[in-house]
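This is what each chain is made of:
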Amino acid sequence: MTAATLGAGTARRGGPAGRAARGLLHRLLPLVLLIAGWEAATRASDSPFFPPPSQIVRRMRDMWLSGPANHLYFSAEAGDSIMPSLGRMFLGLALSVVVGVLLGLALGRSEQALAYLEPLLQFCRVIPPPTLVPVFIVLFDLGTQMQVASIIFSAIWPILLNTADGARSVDPVQMATAQAFRLSAVQRLRFVIIPSALPKIFAGLRLALSLALILMVFSELLPGTSDGLGFELTNAQSQSDLPTIWSVIVLLGILGYLFNTILLAVERRILAKHRAGAKG
Amino acid sequence: MLQITGLTHSYADGHLALDGLDLTVPDGELVSIVGPSGCGKSTLLRCTAGLIRPTGGRLTLNGAPIGGVPDDLAVVFQDYSRSLFPWLTVRDNVALPLRRRGKSRAERRAAAQEALESVGLPDAGRKYPWQLSGGMQQRVSIARALAYRPSLMLMDEPFGSVDAQTREDLEDLVLQVHRNEKMTILLVTHDIDESVYVGDRVVVLNRSPARVHADLPVSLPAVRDQIGTRSDPEFVRLRAEVGRLVRGGAKVAGAAPADADRGT
Ligand SMILES: Nc1ncnc2c1ncn2[C@@H]1O[C@H](COP(=O)(O)OP(=O)(O)OP(=O)(O)O)[C@@H](O)[C@H]1O
Ligand SMILES: [Mg+2]
Numbered sequence: 002m003t004a005a006t007l008g009a010g011t012a013r014r015g016g017p018a019g020r021a022a023r024g025l026l027h028r029l030l031p032l033v034l035l036i037a038g039w040e041a042a043t044r045a046s047d048s049p050f051f052p053p054p055s056q057i058v059r060r061m062r063d064m065w066l067s068g069p070a071n072h073l074y075f076s077a078e079a080g081d082s083i084m085p086s087l088g089r090m091f092l093g094l095a096l097s098v099v100v101g102v103l104l105g106l107a108l109g110r111s112e113q114a115l116a117y118l119e120p121l122l123q124f125c126r127v128i129p130p131p132t133l134v135p136v137f138i139v140l141f142d143l144g145t146q147m148q149v150a151s152i153i154f155s156a157i158w159p160i161l162l163n164t165a166d167g168a169r170s171v172d173p174v175q176m177a178t179a180q181a182f183r184l185s186a187v188q189r190l191r192f193v194i195i196p197s198a199l200p201k202i203f204a205g206l207r208l209a210l211s212l213a214l215i216l217m218v219f220s221e222l223l224p225g226t227s228d229g230l231g232f233e234l235t236n237a238q239s240q241s242d243l244p245t246i247w248s249v250i251v252l253l254g255i256l257g258y259l260f261n262t263i264l265l266a267v268e269r270r271i272l273a274k275h276r277a278g279a280k281g
Numbered sequence: 325m326l327q328i329t330g331l332t333h334s335y336a337d338g339h340l341a342l343d344g345l346d347l348t349v350p351d352g353e354l355v356s357i358v359g360p361s362g363c364g365k366s367t368l369l370r371c372t373a374g375l376i377r378p379t380g381g382r383l384t385l386n387g388a389p390i391g392g393v394p395d396d397l398a399v400v401f402q403d404y405s406r407s408l409f410p411w412l413t414v415r416d417n418v419a420l421p422l423r424r425r426g427k428s429r430a431e432r433r434a435a436a437q438e439a440l441e442s443v444g445l446p447d448a449g450r451k452y453p454w455q456l457s458g459g460m461q462q463r464v465s466i467a468r469a470l471a472y473r474p475s476l477m478l479m480d481e482p483f484g485s486v487d488a489q490t491r492e493d494l495e496d497l498v499l500q501v502h503r504n505e506k507m508t509i510l511l512v513t514h515d516i517d518e519s520v521y522v523g524d525r526v527v528v529l530n531r532s533p534a535r536v537h538a539d540l541p542v543s544l545p546a547v548r549d550q551i552g553t554r555s556d557p558e559f560v561r562l563r564a565e566v567g568r569l570v571r572g573g574a575k576v577a578g579a580a581p582a583d584a585d586r587g588t
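Protein chains in written order, with the working numbering: chain A, 2 to 281; chain B, 325 to 588.
Keep in mind that the hints are not guaranteed to be accurate.
[To be verified] In silico BS3-like cross-links for lysine-lysine, where the CA-CA straight-line distance does not exceed 30 Å:
1) K451(B) with K274(A)
2) K274(A) with K427(B)
3) K451(B) with K427(B)
4) K451(B) with K575(B)
[What the hints assert, rightly or not] Part of the chain A face toward chain B, derived, beta carbon under 8 Å:
5) D172
6) F192
7) V193
8) P196
9) K274
10) H275
These aren't lab readings, by the way, just hints derived from the structure by calculation. Note that CB positions come from ideal geometry on N, CA and C, so glycine has one too.
Okay, chain B solo, but in the shape it has when bound (with noise of 0.2 Å):
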């Protein structure tokens, strides 16, 4: 269990990034985050690694507070290309994080090869990132984060630079993950459907300062499939929803206003 209260980061320049942000995450749910650009979802999921000590509030994975970063997470930066080595292979990208789990080099080779398949990519082993397009960066830096088999797994933009087809594959490769490997997953995404697809739960952030504007459970069935679900009237009443809010519509269930008049 994640639990985030009261959570405040303002950067080295004075500039506030989130202002008492509270969200609580069971495990194994997959939450999707969206929000306007700029207003604080990469620096939610910094704090949450424990890469940037955040100014105020408390997180706690598991009952216990994070310090540093904690065992078992895995991160896929928004910034997917400047998160490669570009003077290893692809394959000793992927595997590198594997030199801690104590396994050995056929293993590692084996598990990085594995995952490399997965995300489509099973050729790629042997080149350097900088010979791929973004996109098979973007999916090589996916599947690092699978490779590792986390328990926690933080997903900034992982599918900003795919084609829509490669696009579902992964959606739906990482609700397989996230349902085989009872994975806790925080994804941050800018498409509202994607958000309502992958997402057990859609949790919708304000304008910058960041807070939780709207938090919403997705129910529609755990088991989804790209055509069914997405028209499914739960889905499409869904999307609708986020699409407001996201724009800055009030939500529904009353407290709005209140909550609202607090950022200004």
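Only chain A is shown next, with the shape it has when bound in the complex (with noise of 0.2 Å):
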């Protein structure tokens, strides 16, 4: 969004990667305006608790990029901590999408489902995720399960519920086509209902992430884990280490953004031809 307007008030000067050079400049500008605030501020002050931005990468660099060339400098410790959070957050998110789109679905294509589990599907996904761990810690075996388990039960009811939407709202004529060209029950789903859904599936997904990001940390705070960057928040606490602390900060956000642009590409790219169409 910003960026297109900002590339359209540029798009008189230069050819389209000199507008995408000065389009991004335009958009870090304020970042690095921040960032130099927050060194200037944080050297005036002279406080422990915020140690300047400088600092921080560094120390993100020693603990995570110091490793050889043949690793991408990914050193020993990145594989240690950051691997085993995006693991289980992946997994977490991608067992919330099957389960998540298959059950929306079948519960927005069939009426009646939808209205006897709606209240109690909105029900769940109100509660927050934080709250259901400790029972998660009773149920499931500490460690990886317990905190995949958090992950999909915060990542699931949005999916879910954005799926059925889709999947009920799907354009009667387009329906009464599929019903009157007679697909089947399978093409139906792959060639009408899926693709239009899928807009509400992308918002859905959007959510999802960010939940699973959360949920992948807070999961970590808990005792029964080993590794992880929420482990190393923890460990970092206990031991005052607060440039580790703020690392691990700056990585999440990071992380974070880095994910939700992947993801907005690849819905831009998917979800192209939808929005024409639906314009058009």
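Put the complex together from the two separate chains, hints included.
Here it is, written out as structure tokens:
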């Protein structure tokens, strides 16, 4: 959105490459200013709780990017903390997508099932997932199982409910067309219902992604954890190692931004036809 | 043979759209259906297609009651733009129903391309429906029905959005497949000339709720052409007659007054 607007503003000068570079520059400018201000302020105050960004970056590099070149410089510690976290998050997210989309499609196409179950589902959705983590600790094995379960339980609702909503609101003329040409149930799903629900599924997926990231960290703050970013955070906290704490925070911000950007790019590519169709 | 007896349908909101409509269509006949806007023509086609279950009356196709959508039936929807799938290319839209026909991918594509060429869109296959004009989209939805090679085709104002020249070409195309494939066709139109030009028969419906107001055989030669047929005295007589009937005129065949009274 913002990128497009800014890009349009500078469109008169230079070719597409120059335009893109200038667009990026405009977008990064506030960030650069913020970091510079932060650096200046933290250096001036010299508080142990607020290390300057330069120190945080150095710590991040030492911790995670000091490995050999053939590992793309990722250190062993990056493998021990970042990878398990991301592994659990993506496992949880992938299972949420599979189960959420399948159940969502089934619910969306069955008016009665949806009418019966929607209140219950909405109820489950509004429970703040962290409050359920203690329950999962009792229900599941400590560690990965419990963590993945927490992620699924938070990420699945937006996917499920959005998919159900999308599957329910297929254009009636499109449905009648599928019926008139006697498409099989599988063909209807594949060529009509899923494509038509896809914009809503993606909207749910974006919500699910941010919830999964939150629960990824939260579930690692609890006992029974032996690796992951959340574990590193608790560890650093017990040692009052503030640069590490800040490093984890900054890394989480970067990861969240990165995943969201990738998801948006994928979504834009896949939904290009839908958007144009809706406009025309 | 399609047999419709006492077809009655009232929508969920209580609106009575069809009230005891009778119509028999022998195999291979092209029936034009005309009637005032909102009288229930689309409802009639939807019932015939098995897309909505009428609240009363009987529909049979070759003796079997129409419960669900009959096999071998194609529909050209009045809402053509909404009946095309925006996420599929034009060619895939046309080829999609052919999957049930057990054809290979190459055969489906060839059939789709052929149908697109027949409606004058040889280069549109790779585009998406929303990249085409309304009239072109309408032709795509006709091509989809033609590629399917149904034995019964229901067309709901299929030429409403195309220019006069293309419209005449499409009328001739429909006449041609009707003759060559012995296809039974119900064609709804607002255009009185068109109803006479393409029809073996013209059925005029009443103002809502619809019943058959008049049923006129078209005794023109089976092979028609845009210039000769339209100047045929029989054509001129029929179109005047249909025009009079659509405007609510009484049937000449005698029993008209009793029939008209029943509506009130
Ligand atoms: N889903 C619906 N629910 C309630 N009423 C409906 C519905 N669809 C159509 N109707 C009503 O039924 C009547 C007949 O509708 P129909 O679409 O069959 O008319 P039509 O003859 O095809 O009109 P047109 O020539 O404008 O296409 C109309 O009065 C319309 O308002
Ligand atoms: Mg209609």
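Structure-based check of each hint:
1. K451(B) with K274(A): Holds: K451(B) and K274(A) sit about 11 Å apart, inside 30 Å.
2. K274(A) with K427(B): holds (27 Å)
3. K451(B) with K427(B): holds (23 Å)
4. K451(B) with K575(B): violated (49 Å)
5. D172: At about 6 Å, which falls below the 8 Å cut-off, the nearest Cβ of chain B leaves the hint on D172(A) intact, so it holds.
6. F192: Holds, because the Cβ-Cβ distance from F192(A) to chain B comes to roughly 6 Å (cut-off 8 Å).
7. V193: holds (7 Å)
8. P196: holds (4 Å)
9. K274: Given a least distance of 5 Å, the restraint on K274(A) holds.
10. H275: At about 6 Å, which falls below the 8 Å cut-off, the nearest Cβ of chain B leaves the hint on H275(A) intact, so it holds.
This entry does not satisfy hint 4, going by the numbered hints stated previously; all others are met.
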